[in-house]
Amino acid sequence: MAENTGETPIQQLEQRAETPETPAAIPESPAQSEVLPPAEAPVKSETVTQQEAPDLPETPNQKRFRDSFISITNDAKSKLADLRQRAGEKLGALKQNDQFVAGAKQTAVGVGIGLVMERLKLRYTPNKDFSNLAQDVAVGLGYNALINHFERTMPHAKKSDFMISSLFEIFGRNQRTRLDTFLPEKPVSKKSWIKHRIDESVDEYNARMKLPRGSVDRQINPLRLVNPVVVSGFRNMVAGFQQL
Amino acid sequence: MDELKQKIKNTGLFEDDDKVEILASLDALTLSDLKELESIIDEFDAKQAEIQTEFNDKVMTELDNIDKDAKDEDRDRTHHATDAIRAGLTTVLSA
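Chains as they are written, first to last, in the UniProt record's numbering: chain C, 1 to 244; chain E, 1 to 95.
Hints were generated in silico from the structure; no laboratory data involved.
Heads up, none of these hints are tricks.
Each computed BS3-like pair below joins lysine-lysine, with the alpha-carbon atoms no more than 27 Å apart:
id : chain 1 : residue 1 : chain 2 : residue 2
1  : E       : Lys-9     : C       : Lys-90
2  : E       : Lys-7     : C       : Lys-77
3  : C       : Lys-63    : E       : Lys-68
4  : C       : Lys-79    : E       : Lys-47
5  : C       : Lys-77    : E       : Lys-58
6  : C       : Lys-90    : E       : Lys-47
7  : E       : Lys-9     : E       : Lys-47
8  : C       : Lys-90    : E       : Lys-5
9  : C       : Lys-63    : C       : Lys-79
10 : C       : Lys-159   : E       : Lys-68
11 : C       : Lys-77    : C       : Lys-90
12 : C       : Lys-79    : E       : Lys-58
13 : C       : Lys-63    : C       : Lys-77
14 : E       : Lys-58    : E       : Lys-47
15 : E       : Lys-47    : E       : Lys-7
16 : E       : Lys-35    : C       : Lys-90
17 : C       : Lys-79    : E       : Lys-7
18 : C       : Lys-63    : C       : Lys-158
19 : E       : Lys-7     : C       : Lys-90
20 : E       : Lys-9     : C       : Lys-77
21 : E       : Lys-58    : E       : Lys-71
22 : C       : Lys-79    : E       : Lys-35
23 : C       : Lys-90    : C       : Lys-79
24 : C       : Lys-77    : C       : Lys-159
25 : E       : Lys-58    : C       : Lys-159
26 : E       : Lys-58    : C       : Lys-63
27 : E       : Lys-58    : C       : Lys-158
28 : E       : Lys-35    : E       : Lys-7
29 : C       : Lys-79    : E       : Lys-9
30 : E       : Lys-71    : C       : Lys-63
31 : E       : Lys-47    : C       : Lys-77
32 : C       : Lys-159   : E       : Lys-71
33 : E       : Lys-58    : E       : Lys-68
Rough simulated footprint, nothing fancy, chain C against chain E, three-plus residues with beta-carbon under 8 Å:
id : stretch
34 : 32 to 44
35 : 50 to 57
36 : 60 to 68
37 : 80 to 93
Cβ pair distances, simulated, as ranges:
id : chain 1 : residue 1 : chain 2 : residue 2 : range
38 : C       : Ala-93    : E       : Ser-94    : 30 to 36 Å
39 : E       : Arg-75    : C       : Ser-165   : 26 to 32 Å
40 : E       : Glu-38    : C       : Lys-158   : 41 to 47 Å
Predicted model only: the values in this text are computed from it and were never measured.
C-beta atoms are modelled at their ideal positions from N, C-alpha and C, and glycine is treated no differently.
One chain only, chain E, in its complex shape (with noise of 0.2 Å):
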């Protein structure tokens, strides 16, 4: 019961105030939903973070691609600032 009660402290699926809600109200649930409860929050926040990775990749696989592309006078400047986009993409997501 810890572990799920971490789970939901801790997921993106609900809001704060629904997690209060659902916490007061998880000693009403039955064994079986308590587990479909767990499983639930356990596939959203995996894909969940999927979809992150795979909007992480993209974002930096564009930014390469303009890297690539950049004309030999515009190279340093262009690299220097994709890469200050891809610094700052990463803290935001990785905070």
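Chain C with its partners taken away, still in its complex shape (with noise of 0.2 Å):
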């Protein structure tokens, strides 16, 4: 486990979004993801990419592109809320169980599509025992990191980041997450369940990785457990708006 800093693993790792990532290659495909290397050294600064690939003016094609994708993206935004106000309302009506009501109104209503870029849901790598971690990485981490990929990886990606923004924003909530293979057979204390797979997740994790116990929090890439598949996707995206 990390050093006892009084915060869980998981708002540790949060806090480090806020500062760049260690670049590294991403994972090519499902396969290759299933042993994960350790964590790779800067090879280029980011400051460095950008000056030898200043952002270029948009293309007719590109603006008009981006125009468009933005307003539908702006459409499905509003129906997405729309419906998870409805989905909201319908649950409050629950009044048998106050507690359940209370989380159910909490989740449904109190939270905005706009305010939980940090808490969608991106599937992940096929490794099958990383649940919370490798979860709450991906969803908190995973977003940032892959911008910063594609930033420092491909000319003048800045401009796509629109589009991984924006599908993030709207559908990352709808990737099915791994939660069935952890959810508990019966009702437990959800807190000591949490912090229990968190603390299996980090040891496994850093045994993965092949570092020492503690070393997660500085040594992790959350690239590398982002989907590769949607990373995939995302690419052809980014490269395609390129030639726009």
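From the two separate chains plus the hints, produce the assembled complex.
Structure below.
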């Protein structure tokens, strides 16, 4: 486990989302990601890359697609927000159990689509046992890692950020998680169960990465925990947009 | 009950932490509330899928229109670019 700072590993990881991530090659296929190599040292600073590839003005087709995409996205966002609001109101009508109602209303109504970027669910590597750690790393850091990676490795990728952020924002939540692997058979204390799963996941992550116990927070590369299929899809979209 | 639990696990309506909370609270719900909960989840997931399909269709249509409007000398390059976006979007939304 990480050093005892009074915070959970996930809280520590989320705080680190604010800092630049260590660049490293992304997994090219699900099969390759079965064994995760240790994080690599940076080979090029982001500043240098940006100097080598300054953003170019948008082409007419890029502007046309961007404008359409954003308009379509806003429409989907609005519909999803309405849908979530209606579902929340219906959940609120389940009044037989106050505790349940409180939790459900908080989920469905209180959480606006635009406010949950850091909590969106992005499916991660096909490794079966990463559970909460991988999930929360992917949720909290995957988006930033993905954006940073493309901006470091593809010319003018910054112009494509709108596609990635939009899709994360409106459909990231729709990614199925591996929750079913880890839900307990019987009701247990939520707090103790989650802590148990996080502890197990951190230890397992360290073991798989061949890292000493407690080093996960410093060594982790969140991009490795993003589903390689999703990374591949975004890479295609970014590449296509650059050529448009 | 097992089917409802599975739906709770898979739905896009709840965050994972909330799914745990809700699953742990199921025994306290009445039969009618359980049915209502299942109905809410079914409706949400079905409509969310519709919104995603509509989103995908609109983006694909716009890409088709960009293809159609391309000048002859740009047609191949434009089509190559829109194809890459199509393939990427399909991959992301189906992952």
